[in-house]
Amino acid sequence: MVRPTLLRNALVKKLRCAIYTRKSTEEGLDMAFNSLYAQREACEAYVTSQKAEGWVLVPTAYDDGGFSGGTMDRPALARLLADVRAGKVDVIVVYKVDRLTRALSDFARIVDVLDEAGASFVSVTQAFNTTTSMGRLTLNVLLSFAQFEREVIAERVRDKVAQSKARGIWMGGNVPLGYDVEDRKLLANPTEAATVVHIFQSYLDQPSVRALKETLDMQGVRTKIQRGKTGPRGGVSFSRGALYWLLSNPIYIGKLRHKDKLHEGQHDGIIPLDLWDAVQAKLKASAAERGNATTGSGTALLTGMIHDAAGRPMSPSFTVKAGRRYHYYVSSISNDIDRGLTGSSAAPVARVPARRLEAAVREALRALLLDEAQLAGLFGDGDTATTRRRLATAAEFARHFAPHAIDGAHSLLTRLHFSLIILRDRVEASVAHSALLAALDLATGKVAGDEGRIALMVSSNITHRKRGARLVIARNAPAEKMPDPNLVALIGKAHRARAALFSSAAPRGNRHIERLARLAYLAPDITSAILNGTQPATLTSRSLLKLPGLPLEWTEQRKMLKFV
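All the letters of the sequence shown, read from the start, carry residue numbers 59 to 622 under the working numbering.
To be clear, the hints were calculated from the coordinates, so they are not data collected in a lab. Any given hint could turn out to be false.
[As the list claims (entries may be wrong)] Taking lysine to aspartate or glutamate and the DMTMM-like style, the derived pairs with C-alpha atoms no more than 20 Å apart in a straight line are: (1) Lys-72 / Glu-111; (2) Lys-271 / Glu-240; (3) Lys-146 / Glu-111; (4) Lys-146 / Glu-174; (5) Lys-154 / Glu-207; (6) Lys-223 / Glu-84; (7) Lys-154 / Glu-209; (8) Lys-282 / Glu-240; (9) Lys-154 / Glu-84; (10) Lys-71 / Asp-121; (11) Lys-146 / Asp-121; (12) Lys-282 / Asp-318; (13) Lys-282 / Glu-213; (14) Lys-317 / Glu-213; (15) Lys-81 / Glu-99.
For clarity, every value in this text was computed on a predicted model and none was experimentally measured.
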């Protein structure tokens, strides 16, 4: 005869129970007995009390220490829900519902997962049954209060941060370069402070943040090493974003920013106000120039530099067709109207597509700036060091005219005294000789005179229609190999690295700078081929920089780089 107890045990369904615990902060997690252990102990006791109902504890621990209940991005919770979907868990046991989630939307997602898997969950300290409508209502009310509590706590934290910053108290986070933290206060680090001042001063001497980054990389300037719970991080090259953040951070003048307000900080500034103001003015001007490349009339690269055959300025304009915007340069007829010239008595209005013309101009400027032989002829008789420096600067300028590049192209055209005339059958473009030399020498003053023009080969021609001129990019011209901008930039960096080593501007033993400087000793014909774009297809900036050893013999270099 079968005993009643054995029969009952055979009929009871086995339910696999997983305990989930959570703690919002990491405080106290290193203690021998913390909140997670207390939650687990209470849940284990509850599961044991339900042993007669077939409840069996799953040995896997699902503990989230230091994770907020307002998000689903928790590793242990993700593992738990994955096991529920896989059919490994029948019941989730928690100490309180808010340990599982504090957001109604997240709770709905969890319930969907449980319903699909035929699973449920139990709160040890809150008795309700989620299989009934009343139980679900009770749970929703509890979660509403949990979410309300989370939002109130968040408001208190935001208010505390705002009030603390208004009093000049630093609220933590990554320690900025130039400072150390002692008793939660920022104290100037003299060595790092000198580096910050150097970065600010160097920015005023560079054409852009991109150029500043390259200079700092060659000098071996690195980010601050941050020491966190996962170990040290940082000590790497600055990204452009990090440089923008550093240059615009008011913490360096003794202030703290909170949203759109600045407050006097309790720490000392390390940047003089005149240097700060100069850097902010340059950043603002640079931002305006970048913005002009994508907004309003600033989409026109050639604004103020383009005229038609009658000498009239051509202004940017656009039309919209089928929801698409088409940009043009159109002759200005205001002067004709002022002189009483209308209809047949006025010169025909020129109207050319802006995008095609700008692309042709970019290509022509790049060709000039990367043509080493032509530039050397324009330089005249000069010392080799000056010529190489000018060629390196020209290669850097050429990057501004790469397709889709917007940083600095318009201002560089202005510095070169660029001029473009739309004639009936062709386009005439030129830059001023004196302006080009001044730009390559990084002169910032005005260039006296505009005599001596350098003609540019713009590969386009003009066809005329009733509604204006149409620009056609020449397609029947023989294809020319375009220089690799990365290779050209690498050659420029190499010459600057060599100059830095000779001037002791770079720290000794910097392998990156020394590896760059080697490339300044490439054979002249190899350098010319790179600048002209006629190097072997297998030669890239990455392969050139990672050569295990570059021989000094030019013949050996040609063999290694497959120039023979």
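Hints, one by one, checked against the model:
Proposed proximity of Lys-72 and Glu-111 is supported: the alpha carbons are some 8 Å apart, at most 20 Å. Under the criterion of a C-alpha separation no larger than 20 Å, the hint pairing Lys-271 with Glu-240 is inconsistent with the structure, at around 30 Å. Distance restraint check for Lys-146 and Glu-111: the Cα-Cα separation of roughly 18 Å lies within the 20 Å cut-off, and the hinted pair is therefore satisfied. A threshold of 20 Å between alpha carbons decides the hint, and for Lys-146 with Glu-174 the separation of about 13 Å falls inside it, so the pair holds.
Note on Lys-154 and Glu-207: the hinted pairing holds, with a Cα-Cα distance of about 14 Å set against a maximum of 20 Å. At roughly 24 Å between alpha-carbon atoms, Lys-223 and Glu-84 are farther apart than 20 Å, so this suggested pair is violated. Between Lys-154 and Glu-209 the CA atoms are separated by roughly 18 Å; this keeps the pair inside 20 Å, and the hint holds. Pair hint Lys-282 plus Glu-240 holds up; C-alpha atoms about 16 Å apart against a cutoff of 20 Å.
Distance hint between Lys-154 and Glu-84 is fulfilled; the C-alpha atoms sit about 19 Å from each other, no more than 20 Å. Distance restraint check for Lys-71 and Asp-121: the Cα-Cα separation of roughly 27 Å exceeds the 20 Å cut-off, and the hinted pair is therefore not satisfied. Taken as a hint, the Lys-146 and Asp-121 pair is honoured in the structure, with Cα atoms around 17 Å apart against an allowance of 20 Å. Only pairs whose Cα atoms come within 20 Å are accepted, and Lys-282 paired with Asp-318 is rejected, the gap being roughly 26 Å.
Of the pairs offered as hints, the one joining Lys-282 and Glu-213 is violated, with about 32 Å between alpha carbons and a cut-off of 20 Å exceeded. Of the pairs offered as hints, the one joining Lys-317 and Glu-213 holds, with about 15 Å between alpha carbons and a cut-off of 20 Å not exceeded. This hinted pair checks out: Lys-81 and Glu-99 have alpha carbons roughly 15 Å apart, not beyond 20 Å.
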